[in-house]
Amino acid sequence: MSKKILLEKANVENIQTMEVYRREGGYRSLEKALKMAPNDIVEEVKRSGLRGRGGAGFPTGLKWSFLAKPEGVERYLVCNADESEPGTFKDRYLMEFLPHLLIEGMIVSSFAVGSNVSYIYIRGEYEWVTDILDAAIDEARKAGFLGKNILGSGFDCEIYIHRGAGAYICGEETGLLESLEGKRGLPRIKPPFPAVKGLWDCPTVVNNVETIASVVSIINEGGDAYARIGVGKSTGTKLISACGNINKPGVYEIDMTISVEEFIYSDEYCGGIANGKKLKACVPGGSSVPILPASLLLTTAKGEKRLMNYESLSDGGFATGSMMGSGGFEVLDEDQCIVRHTLSLARFYHHESCGQCSPCREGTGWMEKILQKIEHGKGEMKDIDLLWDIQRKIEGNTICPLGEAAAWPVAAAIRHFRDEFEWHILNPKECLVRNYGLGKYAEALITS
Amino acid sequence: MEFSNDSLKKVHELISHYPEGKQKSALLPILHIAQKEFDGWLDVPVMDYVASILNIEPIEVYEVATFYSMFNLKPVGKYVFEVCQTGPCMVKGSDDIISYIKEKLDISVGETTPDGLFTLKTVECLGACGYAPMMQLGKTYREHLSKEKVDAIIAECKN
Amino acid sequence: MAEEQKIFKVTIDNITIDVPAGTTILNAARKIGGEVAPPAMCYYSKLKGSGGKCRTCLVEVVSGSTVDPRPMPKLVASCRTNVMDGMVVKNITSEKVIDVRKGVVEFLLINHPLDCPVCDQAGECHLQDLTYSHGAEQTRYEFERRTFVREDIGDYIQLHMTRCILCYRCIYVADQLTNKRVHGILDRGDKSEISTYISKAIENDFSGNMIDVCPVGALTDRTFRFKNRVWFLKPVDAHRDCDKCHGQVTLWNRGDEVFRVTARKDEWGEVQTLSDGKPGWICNTCRFEKKHASDWVIEGPTKINRHSVISQGHYVGNVGMIMPPDPLDKVLFGRQPHLLLDIHDVSKVNQLEVHLSELEGPAVSNTFNGDPHASGHNVTDVKEGV
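Chains as they are written, first to last, in my numbering: chain Z, 621 to 1068; chain H, 1237 to 1395; chain W, 166 to 551.
Quick caveat, the hints were computed from the structure, so don't treat them as lab data.
Virtual Cβ for every residue (Gly too), placed ideally from N, Cα, C.
Please note that a few of the clues may not be correct.
[Stated by the list, open to error] Here's a subset of chain Z near chain W, in silico, CB distances under 8 angstroms, partners left out:
#1 H970
#2 S973
#3 C974
#4 L1052
[Said to hold, decoys possible] Below are the SDA-like pairs computed for lysine to any residue, each with C-alpha atoms no more than 25 angstroms apart in a straight line:
#5 H:K1310 to W:I363
#6 Z:K868 to H:K1383
#7 Z:K762 to Z:N634
#8 Z:K803 to H:E1249
#9 Z:K989 to W:G251
#10 W:K213 to Z:W820
#11 H:K1260 to Z:N634
#12 W:K239 to W:C284
#13 H:K1245 to H:D1275
#14 H:K1383 to Z:A815
#15 W:K356 to H:E1293
#16 W:K239 to W:G251
#17 W:K345 to W:I363
#18 W:K239 to Z:R808
#19 Z:K922 to Z:D935
#20 H:K1272 to H:L1309
#21 Z:K655 to Z:K689
#22 H:K1260 to Z:G870
#23 W:K345 to H:D1284
#24 W:K171 to Z:V851
#25 H:K1260 to Z:G692
#26 H:K1385 to Z:W820
#27 Z:K762 to Z:I635
#28 Z:K817 to H:I1251
#29 W:K239 to Z:G937
#30 Z:K810 to W:S210
#31 Z:K993 to W:K495
#32 H:K1260 to Z:A815
#33 H:K1246 to Z:W820
#34 Z:K1002 to Z:D935
#35 W:K345 to W:N369
#36 H:K1260 to W:T343
#37 W:K456 to W:E422
#38 W:K495 to W:E422
#39 W:K171 to W:T181
#40 W:K196 to W:S228
With the rest of the complex left out, here is chain Z (with noise of 0.2 angstroms):
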């Protein structure tokens, strides 16, 4: 059974009132932190190894200390709780089950960061979310956590939730401050990265909301006692959002020394895949991460036994392997196919492309249409290469990330399932059949 930090209590009736929240322990960070120095908090965290968990992975402590601190200028925590990455649902689940780790952690990390006022950017349709974080607040503020002079620490601090109203693009850091100052959410060009320039121009740090909630763990029981867990740059707890043919969808905190196999077909985890089928493929990190089969996920091409974790996750680069992204496990079994999932992808990230880039306006489109094509048996061999140009020619090409996260899942597709892509073109009629699935990659596997 693997170490909860993060979800420990998740379970406990009402935790989501302060009462109980108090009763298991919580507030201590706080406590503790506000007779610290801002900058002990802050070699605290990047003792604990503790990477961003929104899907990039940076490492925390150091993305605090870059934060620029000149003389009377404001300096803003926002939080990014604005969580669509498809596959993911961990922060709405740690935000619904835990409001109080999140605010918790939220006045912690201000205090460390000199934020006396903080925003939660949560994403529109998350409303019922946004009343629980209301009331934890609430009562954040009758007990004293928040307002003025918190505990008599001279601190001040206050917190407000910024709804968003249905974009992805406001995931992505400088599109979410562009959203929170209300406008569109266009992604900024960047230097001036935000901890220089970020919310109003002033020094910004965006931070995922199971990273924040983590900061509370870390500074109860140290930074090191983080570290020991897990394994390599992988410290800590991650939460893995667990979906699709798999007998027990949901939410998970692992330690990220178990593997890839254990969380898959374990009790304890995604309980196998469902209804007696057998894995195909997985997107192991949320849908911008590559697609792998099977054989792949499993074990990694030197055939090694894959783990969940950072490093073996992304064993063997994008030829043999993926990443871990944001923790959005979807598994696919033998009967899914892969075109159409693929298709559905792309649907997603022409749908959600900003418009503000030509490569990403324009090459998003252009690879639904073509899959379309393919999907509804209209495909030629031709267009297989030339979806592959296309997204060669996005990546990296943008102003931000979701170039790369709207070519990756296309790359991925065609690297290694190339020949079920021809499949639906040389046979225009079957495919139009639902649920093909070529059955050589889906291997059987015993639990060991």
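With chain Z held as given, fit chains H and W onto it using these hints.
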């Protein structure tokens, strides 16, 4: 055209969340309130009214309202079924659910039933992938959808 | 406290120059000039905040600086990236840049109507120039193109959104030159459009500058619409006393008839910087209402790059004031045809009453380049089965 007193209070509270002179930041939250108060969609006079409250040009509101998918720029039914169709929902059969709703309500995606009760929209990932297939209905998510569940939801709305 | 301006050394395509710190790669390259300067479709040096969007000016930074000589992992937008001391940049000497730029041109063109034959911008269109210099011979796009309905935004400007490449320059003009912006970018992704949302007129003394900054034929001068082709006109510099602007313009004449008035442009196609260092934006009165030669004091012929199609309309003698002899007699060897060719019979594209969206999709280029009998695929073919 004016907000109710309650809404107006909320609007001013929202504006106070942002530094002076940065009142435009409250645009998204205020448009949510406006959409709720004025029949579930944002007509031009509504957007112009919001612009006047925030002391910004109307075009700044139009630009924002058209960017975000949650804002309706046309009238919608009393109940809007927003069914997710992205990858994780798709592998769990969201296409079948969408077809079933179309058949039950006899409308296409984007349309409203003649009685003005239901609108069907397809949306992209709503962050409920583990509970797929799903849809958003008002404030809440309806998850693990099946044909029976869809029937029950339609019946619930009609009552 | 006056800080001494630091000077950085930067090498672009093997040419090294010194520029003040804070200069962008693009502006450093423009100092070198010629082909070393990357093309720019959205950046406009006189408009604050512009640039970074079109991605045509991407360059490869093979060495970041003397201090940190590592290469940059991705191509960077040269218009928005500042040079560092010792930076080494590759523009046309980088195969990667050329390849990616070709891709960007293709992206910009897949939804462009290619209606140059009826577009007023033809001959001075930056997208045309870009396509000739950096584009591929033919497109691989075979789907229906995005179209919008033409719209008059006020008495002077027509918006032809179908041609727009979303450079955002006109938005910056409205923000920075006029007191009130009524048009903006609506919707998102490839549905984005320039619009007023509720057909409003743009009425402002300086709104006409949106036409000058538009790199394509999306915003055109209604007082000049279909009046003449720019290469048949002779540009001359002229001025008048104006109480709204500096009154320094370029007149586009044929004989003594003034067809249109624009701001003066520099070698990068931008509005010229005046002697006082300010951009030479002109007011709507000068641009739209002074169409008589007598309104102006003629200074002399405008310098035009000899590679430009506009330089073909070269006049001899009394500059701009004498109509050249009609060449028709000469080319027809004295024959007197009743009618040369009714262009409206040739293509529906030329029929104004037919909206572009009603036309069949543009033919795949192999219709033009390869087998002349090959039929192009368009979306209709796809639906019915290829």
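Evaluated hints:
1. A hinted interface residue such as H970 (chain Z) counts as satisfied when its beta carbon comes closer than 8 angstroms to some beta carbon of chain W; here the least separation is about 7 angstroms, so the hint holds.
2. The interface hint given for S973 (chain Z) holds, since its Cβ lies 4 angstroms from the closest Cβ of chain W, which is under the 8 angstroms cut-off.
3. With its C-beta approaching chain W no nearer than about 6 angstroms, C974 (chain Z) sits inside the 8 angstroms limit, and its interface hint holds.
4. The restraint placing L1052 (chain Z) at the interface with chain W is violated, with a minimum CB-CB distance near 12 angstroms, outside the 8 angstroms limit.
5. At roughly 14 angstroms between alpha-carbon atoms, K1310 (chain H) and I363 (chain W) fall within 25 angstroms of each other, so this suggested pair holds.
6. Taking the CA atoms of K868 (chain Z) and K1383 (chain H), the gap is near 21 angstroms; set against the 25 angstroms cutoff, the hint holds.
7. Using a Cα cut-off of 25 angstroms, the hinted pair K762 (chain Z) and N634 (chain Z) holds, with the two alpha carbons roughly 18 angstroms apart.
8. A threshold of 25 angstroms between alpha carbons decides the hint, and for K803 (chain Z) with E1249 (chain H) the separation of about 20 angstroms falls inside it, so the pair holds.
9. As the CA atoms of K989 (chain Z) and G251 (chain W) are separated by approximately 45 angstroms, the hinted pair breaks the 25 angstroms bound.
10. A distance of roughly 17 angstroms separates the Cα atoms of K213 (chain W) and W820 (chain Z); the hinted pair therefore holds under the 25 angstroms criterion.
11. The straight-line distance between the Cα atoms of K1260 (chain H) and N634 (chain Z) is roughly 37 angstroms, outside the 25 angstroms bound, and the hint therefore fails.
12. For a cut-off of 25 angstroms, the pair hint linking K239 (chain W) to C284 (chain W) is broken: about 36 angstroms separates their Cα positions.
13. Restraint check for K1245 (chain H) and D1275 (chain H): the C-alpha separation of about 19 angstroms stays at or below 25 angstroms, so the hint holds.
14. Between K1383 (chain H) and A815 (chain Z) the CA atoms are separated by roughly 49 angstroms; this puts the pair beyond 25 angstroms, and the hint is violated.
15. Taken as a hint, the K356 (chain W) and E1293 (chain H) pair is honoured in the structure, with Cα atoms around 22 angstroms apart against an allowance of 25 angstroms.
16. Note on K239 (chain W) and G251 (chain W): the hinted pairing holds, with a Cα-Cα distance of about 18 angstroms set against a maximum of 25 angstroms.
17. A threshold of 25 angstroms between alpha carbons decides the hint, and for K345 (chain W) with I363 (chain W) the separation of about 16 angstroms falls inside it, so the pair holds.
18. The straight-line distance between the Cα atoms of K239 (chain W) and R808 (chain Z) is roughly 17 angstroms, inside the 25 angstroms bound, and the hint therefore holds.
19. Of the pairs offered as hints, the one joining K922 (chain Z) and D935 (chain Z) holds, with about 9 angstroms between alpha carbons and a cut-off of 25 angstroms not exceeded.
20. In summary, the hint linking K1272 (chain H) to L1309 (chain H) is supported, as the alpha carbons are separated by about 13 angstroms, within the 25 angstroms threshold.
21. Restraint check: the Cα-Cα separation between K655 (chain Z) and K689 (chain Z) comes to about 21 angstroms, which is no more than 25 angstroms; the hinted pair holds.
22. For the suggested pair K1260 (chain H) and G870 (chain Z), the alpha carbons sit about 38 angstroms apart, so the restraint of at most 25 angstroms is broken.
23. Among the hinted pairs, K345 (chain W) with D1284 (chain H) is consistent with the structure: their alpha-carbon atoms are about 15 angstroms apart, no more than 25 angstroms.
24. With a CA separation close to 47 angstroms, the supplied pair K171 (chain W) and V851 (chain Z) exceeds the 25 angstroms bound.
25. The hinted pair formed by K1260 (chain H) and G692 (chain Z) meets the criterion: a straight-line CA distance of about 23 angstroms does not exceed 25 angstroms.
26. A hinted pair counts as satisfied when its Cα atoms are at most 25 angstroms apart, and K1385 (chain H) with W820 (chain Z) does not qualify at roughly 46 angstroms.
27. A hinted pair counts as satisfied when its Cα atoms are at most 25 angstroms apart, and K762 (chain Z) with I635 (chain Z) qualifies at roughly 17 angstroms.
28. For the hint linking K817 (chain Z) to I1251 (chain H), the alpha-carbon distance of about 22 angstroms falls within 25 angstroms, and the restraint holds.
29. In summary, the hint linking K239 (chain W) to G937 (chain Z) is supported, as the alpha carbons are separated by about 17 angstroms, within the 25 angstroms threshold.
30. A C-alpha spacing of about 18 angstroms is found between K810 (chain Z) and S210 (chain W), which places the hinted pair at or below 25 angstroms, so the restraint holds.
31. Our distance criterion of 25 angstroms between C-alpha atoms is broken by K993 (chain Z) and K495 (chain W), whose separation comes to about 54 angstroms.
32. Annotation: proposed proximity of K1260 (chain H) to A815 (chain Z) holds, straight-line Cα distance about 22 angstroms (limit 25 angstroms).
33. Simply put, K1246 (chain H) and W820 (chain Z) have alpha-carbon atoms about 23 angstroms apart, close enough for the 25 angstroms limit, and the pair holds.
34. Between K1002 (chain Z) and D935 (chain Z) the alpha-carbon distance is near 31 angstroms, which puts this suggested pair outside the 25 angstroms criterion.
35. For a cut-off of 25 angstroms, the pair hint linking K345 (chain W) to N369 (chain W) stands: about 8 angstroms separates their Cα positions.
36. Restraint check: the Cα-Cα separation between K1260 (chain H) and T343 (chain W) comes to about 20 angstroms, which is no more than 25 angstroms; the hinted pair holds.
37. In summary, the hint linking K456 (chain W) to E422 (chain W) is supported, as the alpha carbons are separated by about 8 angstroms, within the 25 angstroms threshold.
38. Taking the CA atoms of K495 (chain W) and E422 (chain W), the gap is near 24 angstroms; set against the 25 angstroms cutoff, the hint holds.
39. Distance hint between K171 (chain W) and T181 (chain W) is fulfilled; the C-alpha atoms sit about 16 angstroms from each other, no more than 25 angstroms.
40. For the suggested pair K196 (chain W) and S228 (chain W), the alpha carbons sit about 20 angstroms apart, so the restraint of at most 25 angstroms is met.
Hints 4, 9, 11, 12, 14, 22, 24, 26, 31 and 34, counting from the list given before, are not met by this structure.
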